[in-house]
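Q: Protein chains in written order, with my numbering: chain L, 28 to 140; chain G, 11 to 125.
Take these hints with a grain of salt, some might be off.
List time: in silico DSS-like cross-link candidates among lysine-lysine, alpha-carbon distance up to 30 Å [to be verified]: (1) G:K117 - L:K84; (2) G:K68 - G:K87; (3) L:K38 - G:K117; (4) L:K38 - L:K84; (5) G:K32 - G:K117; (6) G:K87 - G:K59; (7) L:K84 - G:K59; (8) G:K79 - G:K59; (9) G:K59 - G:K117.
Derived by calculation from the structure, the hints in this document are not laboratory data.
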Amino acid sequence: DAGITQSPRHKVTETGTPVTLRCHQTENHRYMYWYRQDPGHGLRLIHYSYGVKDTDKGEVSDGYSVSRSKTEDFLLTLESATSSQTSVYFCAISGRDRNQPQHFGDGTRLSIL
Amino acid sequence: AQSVAQPEDQVNVAEGNPLTVKCTYSVSGNPYLFWYVQYPNRGLQFLLKYITGDNLVKGSYGFEAEFNKSQTSFHLKKPSALVSDSALYFCAVRPEYYGNNRLAFGKGNQVVVIP
């Protein structure tokens, strides 16, 4: 398995609180991604990074911010969590070559009450 | 923009029977195509990919996929399904040259293998 660690694996928090999810990789890959997975919607891209301090929005970026200060870490922050952000969040990584797959972490299950 | 369609929400198959999970795609230029499997409470695991060359691609756990350019399809197949193949399957695509490195995923197919 690719060296991807997501933390925490589970979190329950209240509406309006800030939440930060961490993705750590040991593969030295250039690209990192944050997805959310919800029933009926499949995987939806939130934000991605193509290098240190280089990030861009995905299809469902509202309410989320990201930071990448070093190659191995990609943080996803919910500034003020809402119940609609209850979901399972996955981090993925990929190398420079377009013919290579993305590799996924095991996810963070986030519940916002 | 690239997109993937997986037309069936759930695929039911008896153990030992052939398994097919359908995928059609839309992309500018040539596609790079991928299949993933997801077991409960786990992330997506890469199964196989089509880059170029032979239209029949072999992957992990006895799975294979057939690329058909004229039909823009990349169906996943397994000759004899196992109960342990019960999982969620995702097809994904990105163009060979254009745009960023993002993958477009289908919504996934739940496969249920009946003992």
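Q: Each hint needs a verdict: does it hold in this structure or not?
A: Here is what the structure says about each hint:
no., hint, in the structure
1, G:K117 - L:K84, "holds, 20 Å"
2, G:K68 - G:K87, "holds, 10 Å"
3, L:K38 - G:K117, "holds, 25 Å"
4, L:K38 - L:K84, "holds, 24 Å"
5, G:K32 - G:K117, "holds, 12 Å"
6, G:K87 - G:K59, "holds, 13 Å"
7, L:K84 - G:K59, "holds, 26 Å"
8, G:K79 - G:K59, "holds, 15 Å"
9, G:K59 - G:K117, "holds, 18 Å"
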